[in-house]
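Given chain A, work out where chains B and C should sit, using these hints.
As a plain string of letters, each chain reads:
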Amino acid sequence: MSQDHSLNPETMPQDPSKATMEGKHKHLGLWIFLGGETVLFACLFGTYLALRNSTAGGPSSQDLFGLELVFLMTILLLTSSLTSVYAIYHMKNNDFKKMQLWFGITALLGIAFLAFEIYEFAHYIHDYGFTFRSSAFGSAFYALVGFHGGHVAFGLGWLITLMVRNAKRGLSLYNAPKYNTFGLYWHFIDVVWVFIFTVVYLMGMVS
Amino acid sequence: MSTATTQKRGFGAVLWDYLTTVDHKKVGILYLIGGGFFFLLGGLEALIIRIQLITPENDFISAGLYNEMITMHGTTMIFLAATPLLFGLMNYVMPLQIGARDVAFPFLNSLGFWLFFSGGILLNLSWFTGAPDAGWTNYAPLSLQSPGHGVDFYVMGLQLSGAGTLMSGINFLVTIVTMRAPGMTYMRMPLFTWTTFVTSILTLFAFPALTVGLFLMMFDRMFGTAFFDVALGGNSVIWQHLFWIFGHPEVYILILPAFGIFSEIIPTFAKKRLFGYTAMVFATFMIAFLGFMVWAHHMFTVGLGPVANSIFAIATMAIAVPTGIKIFNWLLTLWGGSITINSAMLWTLAFIPSFTIGGMTGVMLGSAVADYQYHDTYFVVAHFHYVIVGGVVFAILAAMHYWWPKMFGRILHEGLGKLAFWTFFIGFHLTFFIQHFLGLMGMPRRYWVFLENQGLDTGNLISTIGAFFMTFGIIVFLINIVYTAMKGEKAPADPWDARTLEWSIASPPAHYNFKQMPLVRGLDPLWIEKSEGNGKITPAEPLDEIHMPNSSILPLIMTIGFFIASYGFIYQVDHKAWLIAVYGGMAIAIGSMLIRSLKDDHGHHITKEELEREAD
Amino acid sequence: MKGWMGKSKALFLFTMLALFLAGCGKENLTALEPKGYGADKSMELILLTTIIMVGVFLVVMLIYVIALIRFRKKKGKEDFIPKQVEGNHKLETIWTVIPIILVLIISVPTVIATFDLADDTQASESISVEVTGNQYWWHFSYDGEEVVTSQDLYIPTGERVYLNMLSSDVIHSFWVPSISGKMDVNPENVNTMYLEAHEEGVYWGKCAELCGPSHSLMDFKVIAVSPEEYDQWVSDMQSVDPEAVPEDAVAQEGQELFEANSCVACHAIGSSPAATGPNLTNFGDRSTIAGILEPTKENLVDWIMDPESIKPGNKMTGAYPSISEEEADRIAEYLMQLKPSEITPESAGN
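Chains as they are written, first to last, in our numbering: chain A, 2 to 208; chain B, 3 to 618; chain C, 120 to 469.
Don't read these hints as lab results, they were simulated from the structure. Values in this document were obtained by computation on a predicted structure and should not be read as measured data. Be aware that a few hints might be false.
Stated by the list, open to error - Listed next, the stretches of chain B that the computed footprint assigns to chain A, with coverage defined by at least 3 CB atoms under 8 angstroms from CB atoms of chain A:
id	region
1	172-185
2	236-250
3	590-603
What the hints assert, rightly or not - Straight-line C-alpha distance at most 30 angstroms; calculated DSS-like pairs for lysine-lysine:
id	chain 1	residue 1	chain 2	residue 2
4	C	LYS202	B	LYS538
5	C	LYS194	B	LYS420
6	B	LYS538	A	LYS19
7	B	LYS610	B	LYS538
8	B	LYS492	C	LYS192
9	B	LYS517	A	LYS19
10	B	LYS28	A	LYS19
11	A	LYS98	B	LYS601
12	C	LYS416	C	LYS458
13	A	LYS98	A	LYS19
14	C	LYS194	B	LYS489
15	A	LYS25	B	LYS492
16	B	LYS492	A	LYS169
17	A	LYS99	B	LYS532
18	B	LYS532	C	LYS202
19	C	LYS416	B	LYS538
20	B	LYS492	C	LYS194
21	B	LYS538	C	LYS192
22	C	LYS193	B	LYS538
23	C	LYS194	B	LYS538
24	B	LYS489	C	LYS192
25	B	LYS517	A	LYS25
26	B	LYS420	C	LYS196
27	B	LYS532	A	LYS19
28	B	LYS420	C	LYS193
29	A	LYS179	B	LYS28
30	B	LYS532	C	LYS193
31	C	LYS458	B	LYS532
32	B	LYS420	A	LYS179
33	B	LYS532	A	LYS93
34	B	LYS532	C	LYS192
35	B	LYS492	C	LYS193
36	A	LYS25	B	LYS601
37	B	LYS28	B	LYS578
38	B	LYS532	C	LYS194
39	B	LYS28	A	LYS25
40	C	LYS416	B	LYS420
Even glycine gets a Cβ: it sits at the ideal position worked out from N, Cα and C.
Only chain A is shown next, with the shape it has when bound in the complex (with noise of 0.2 angstroms):
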């Protein structure tokens, strides 16, 4: 057996991140831990929705919440998971350049959203005075939000040391598996967005 798993376009499988043991773990593992994830998320979800009129006096969700801007960032994000699936095509037609441009892409949007993001959070605390302690309605926007920004930040600093990293050495049935599982973990970002939009916003917005 062979140390070097380096591809060519005759030993390439039909989906590299998916022809070794390691692969078949990684994605596996990657899908329960998202399991886990989605009741971490469930949590925090049912304790924002237990909280989010108790506003002690402070700026409610009508006060503070303006559409256009959380509208931009799910745009940004969708779009974003959107150019994590060409990437993840590339990589199963082994053009490696191609896969690492639009993950290139991918980055630069999930950055431009979580800057957005930090704007949102300035702007609220700034303009408001609405801070994490300012209610037990801000504890729980900021704990859910700030939550789901975390992953994003998390995710943009593991798909940047990916990219570096594998830069000069090509496409592997190595690091196939790792492209893969953070394309797994990107998407879950954005459905976990999705929820936030239409729990927090739209109906912070409506109510």
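Using the frame of chain A, we list chains B and C on its own:
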């Protein structure tokens, strides 16, 4: 790499081997050592509690210390003793039972252990500056008011060890799904493997709730957020929900592997196939499923209203059905068998009546209006000790006697085993049976003192006497371990004439477990080969080189990083200089993560020649 | 409680009496001798479930014992290999269906009783009391009566008294085992329960949710008196003059000290709502001091001198300048004379 060479190596080399190991068997042993250590610590705390309650209005320890004692006893026993002891057994036995050479993520496995262990150490370091004192359930707002850093240690310690447990859960799930030997279909898996699987699912879905709860608690205590702060609109009942959404499944995380252990031991010593295997698997899933639907039965008196109370009452009582199925299947496995009674079997046989009592009081507690009387009294204390000691601890001790020969190559001494069993068994019932009545007679739990003239003296005295018997039993068990290590009888591969795959290989197994992957022809594969074939498992592949993961010190270093960071994090509220520890610790942890991701690790191969050199 | 459960209850209690020479615990504390509506309801379910469960246990033990006796490995038949039975559908169905039926049998009365005890339709025409749980004492304020007291809750027998309970600090739990099951006292929401005592008596109450170091010392009493006595007690309490000066000189000095040492800042006499400390209007009639001590003057002096040694973590420690034993003695004299009503724990019969 055989055991013979292991024994010749010096202490330093062995220590280094264990610190860097990614071998599931050694990680399993580490779990047993770690869990065993905390079990003794928790037991000592229990004994102090019982001494305090030996007479009315005793002042053996102060009220504050007493609350620390009960908190640490509960937390230690659940998170740091019972869970890791079971995870140790799962780690050791489950891969052997499915014919795997290791778990799916050996590196994570080792990291999981170290995180659990460092979490436990962190929590116990609080003894030097003031331990947590709000009960193991740590209800807000009492926990928010608790002075000093006790509760912060609780939060950070459990966060660390919880992360470790979650990793193990994911690891076991992937291992069971992808690494079963050829022919080992799901419905041929031993019950212990099944319960490991279901327990891992529970771990996966239950622990994140605790993570969130602890996270909110940490922010409320350290950064002044208002999740549980009524003045700012917070709600302390949220903590109770999060805690019990985790806490109730946790009970099943403990009891299901115990069920699995008994489902291995009973068929072995009754010489009979497990009765109603399919129903047993189904019942395991039913219990797990219902386990997530009943958390609010811990909250009947919170004021959730009659609708919620009724729903949760019925769901709770429904769990009796699959549990009953299990009890009767075990009885019918015994029925018609040829029963050998040794230490392992004694613990198992003692489990059936003891756990049945615990299960029955569980149904009684489920009846919401009756629970208005039981809730938070010694009745509840009696109930959960019948379940957790009579179920889980009995299972762990049974498993120790059963698998000890496989793990260490020696058989635990029978006489000492029986002495330990009888003293502990009698002590256990002495301690806890009377507590049912104490509770109904008006003694709430977590009482530092009970007053004179309230009719509670005799019961408490009996209970404390029982605790001394239990202590004696455990001491005898420890003596047995030392005696066996020095003079114990050497164990063959299959000392019990057992049925599952782990008994088909040497005791203790080689570090690659199976020289050739076994071919599994049915449930109880070894039994099949013994009764229908030549007693040897047919290999599923020709002898070839084996790919094994590399040892690594990184899990330990990463954990030390997290440990330092957590410690600093607790104290940074007092003085910002502690932030150095936070950043330093995180740098170590993230640094080792980076090394792990940047440095390729392809594992190593054991050549065919090496394998041939090692005789069977 | 009457009727179908009556006989089995007597039988059950008799068995327990035989088992425990001490009986079922202390009268008026134990849940095993219910003397109120809620406790009755709980007891019915406790008995029903116990009987069913003991039945199940006996069946399990019967099979277990027979199996162990009959199927031990026999001498001379060590090599015997039992038949490897896979299972038996009929048996498995039986032990699935029977437990389901048993669970249903328990469920129906459970649900009925749960709704029964949560019934608040009579709340508006009943006596209702605002209960506040505090570390480590209980505050009772009677709605619409301008009567405030602490530690000893007076109720009339034979009628429902609704309790609206809220905590001022951490979670407590209000439990009077002989009269009713417990209900948590939360800081964020008012929980309502009702008490209905069948007969007169001084019933022990306890806090059942860990609330700090003195959790085990947070006892209180429910004093059930006849409705006539209750009415008299209320009117006696209403006619208290908080400013009244005691007749004897020592007590007068005590009253001055009580005011000079800022005791009065926390402890109200009369129905003033101030409640940072227990209300002392009828202190001289209390069944205990600090919830746990015999109501003697010596104990009161000890308590005033050093409350920390009696109830660790209490909020009174350090809240006032240190005072001499002589001063404490005078304050005690004053407080022990606060007996506004003829209706005292003794009126409750035991």
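Now for the hints, and whether the structure bears them out:
Coverage of the region 172-185 of chain B by chain A holds. Counting CB-CB distances below 8 angstroms, 6 residues qualify, and the rule asks for three or more. Coverage of the region 236-250 of chain B by chain A holds. Counting CB-CB distances below 8 angstroms, 6 residues qualify, and the rule asks for three or more. Judged by the Cβ-Cβ criterion of 8 angstroms, the region 590-603 of chain B is covered by chain A as claimed, because 4 of its residues qualify and three suffice. Between LYS202 of chain C and LYS538 of chain B the CA atoms are separated by roughly 22 angstroms; this keeps the pair inside 30 angstroms, and the hint holds.
Taken as a hint, the LYS194 of chain C and LYS420 of chain B pair is honoured in the structure, with Cα atoms around 21 angstroms apart against an allowance of 30 angstroms. Using a Cα cut-off of 30 angstroms, the hinted pair LYS538 of chain B and LYS19 of chain A is violated, with the two alpha carbons roughly 34 angstroms apart. Only pairs whose Cα atoms come within 30 angstroms are accepted, and LYS610 of chain B paired with LYS538 of chain B is accepted, the gap being roughly 21 angstroms. Taking the CA atoms of LYS492 of chain B and LYS192 of chain C, the gap is about 24 angstroms. The hint holds against a cut of 30 angstroms.
For a cut-off of 30 angstroms, the pair hint linking LYS517 of chain B to LYS19 of chain A stands: about 26 angstroms separates their Cα positions. Taken as a hint, the LYS28 of chain B and LYS19 of chain A pair is honoured in the structure, with Cα atoms around 29 angstroms apart against an allowance of 30 angstroms. Between LYS98 of chain A and LYS601 of chain B the alpha-carbon distance is near 22 angstroms, which keeps this suggested pair within the 30 angstroms criterion. For the hint linking LYS416 of chain C to LYS458 of chain C, the alpha-carbon distance of about 14 angstroms falls within 30 angstroms, and the restraint holds.
Of the supplied pair hints, the one linking LYS98 of chain A and LYS19 of chain A holds, its CA atoms being roughly 20 angstroms apart against a limit of 30 angstroms. Only pairs whose Cα atoms come within 30 angstroms are accepted, and LYS194 of chain C paired with LYS489 of chain B is accepted, the gap being roughly 29 angstroms. Between LYS25 of chain A and LYS492 of chain B the CA atoms are separated by roughly 40 angstroms; this puts the pair beyond 30 angstroms, and the hint is violated. Restraint check for LYS492 of chain B and LYS169 of chain A: the C-alpha separation of about 55 angstroms exceeds 30 angstroms, so the hint is violated.
Only pairs whose Cα atoms come within 30 angstroms are accepted, and LYS99 of chain A paired with LYS532 of chain B is rejected, the gap being roughly 58 angstroms. A threshold of 30 angstroms between alpha carbons decides the hint, and for LYS532 of chain B with LYS202 of chain C the separation of about 15 angstroms falls inside it, so the pair holds. Straight-line distance between C-alpha atoms of LYS416 of chain C and LYS538 of chain B comes to about 85 angstroms, which puts the hinted pair past the 30 angstroms bound. As the CA atoms of LYS492 of chain B and LYS194 of chain C are separated by approximately 25 angstroms, the hinted pair is consistent with the 30 angstroms bound.
Restraint check for LYS538 of chain B and LYS192 of chain C: the C-alpha separation of about 26 angstroms stays at or below 30 angstroms, so the hint holds. Annotation: proposed proximity of LYS193 of chain C to LYS538 of chain B holds, straight-line Cα distance about 28 angstroms (limit 30 angstroms). In summary, the hint linking LYS194 of chain C to LYS538 of chain B is supported, as the alpha carbons are separated by about 28 angstroms, within the 30 angstroms threshold. This hinted pair checks out: LYS489 of chain B and LYS192 of chain C have alpha carbons roughly 28 angstroms apart, not beyond 30 angstroms.
Taking the CA atoms of LYS517 of chain B and LYS25 of chain A, the gap is near 23 angstroms; set against the 30 angstroms cutoff, the hint holds. A threshold of 30 angstroms between alpha carbons decides the hint, and for LYS420 of chain B with LYS196 of chain C the separation of about 24 angstroms falls inside it, so the pair holds. Pair hint LYS532 of chain B plus LYS19 of chain A does not hold up; C-alpha atoms about 38 angstroms apart against a cutoff of 30 angstroms. Between LYS420 of chain B and LYS193 of chain C the alpha-carbon distance is near 21 angstroms, which keeps this suggested pair within the 30 angstroms criterion.
Simply put, LYS179 of chain A and LYS28 of chain B have alpha-carbon atoms about 27 angstroms apart, close enough for the 30 angstroms limit, and the pair holds. Using a Cα cut-off of 30 angstroms, the hinted pair LYS532 of chain B and LYS193 of chain C holds, with the two alpha carbons roughly 22 angstroms apart. At most 30 angstroms may separate the alpha-carbon atoms for a hinted pair to count; LYS458 of chain C and LYS532 of chain B exceed this at roughly 87 angstroms. Pair hint LYS420 of chain B plus LYS179 of chain A does not hold up; C-alpha atoms about 52 angstroms apart against a cutoff of 30 angstroms.
As the CA atoms of LYS532 of chain B and LYS93 of chain A are separated by approximately 48 angstroms, the hinted pair breaks the 30 angstroms bound. Our distance criterion of 30 angstroms between C-alpha atoms is met by LYS532 of chain B and LYS192 of chain C, whose separation comes to about 20 angstroms. Between the alpha carbons of LYS492 of chain B and LYS193 of chain C the distance comes to roughly 26 angstroms, so the proposed pair stays at or under 30 angstroms and holds. Of the supplied pair hints, the one linking LYS25 of chain A and LYS601 of chain B holds, its CA atoms being roughly 20 angstroms apart against a limit of 30 angstroms.
Distance restraint check for LYS28 of chain B and LYS578 of chain B: the Cα-Cα separation of roughly 40 angstroms exceeds the 30 angstroms cut-off, and the hinted pair is therefore not satisfied. Restraint check for LYS532 of chain B and LYS194 of chain C: the C-alpha separation of about 23 angstroms stays at or below 30 angstroms, so the hint holds. Under the criterion of a C-alpha separation no larger than 30 angstroms, the hint pairing LYS28 of chain B with LYS25 of chain A is consistent with the structure, at around 25 angstroms. The suggested pairing of LYS416 of chain C with LYS420 of chain B is violated, with an alpha-carbon distance near 58 angstroms, which exceeds 30 angstroms.
In summary, the numbered hints that this structure violates are 6, 15, 16, 17, 19, 27, 31, 32, 33, 37, 40.
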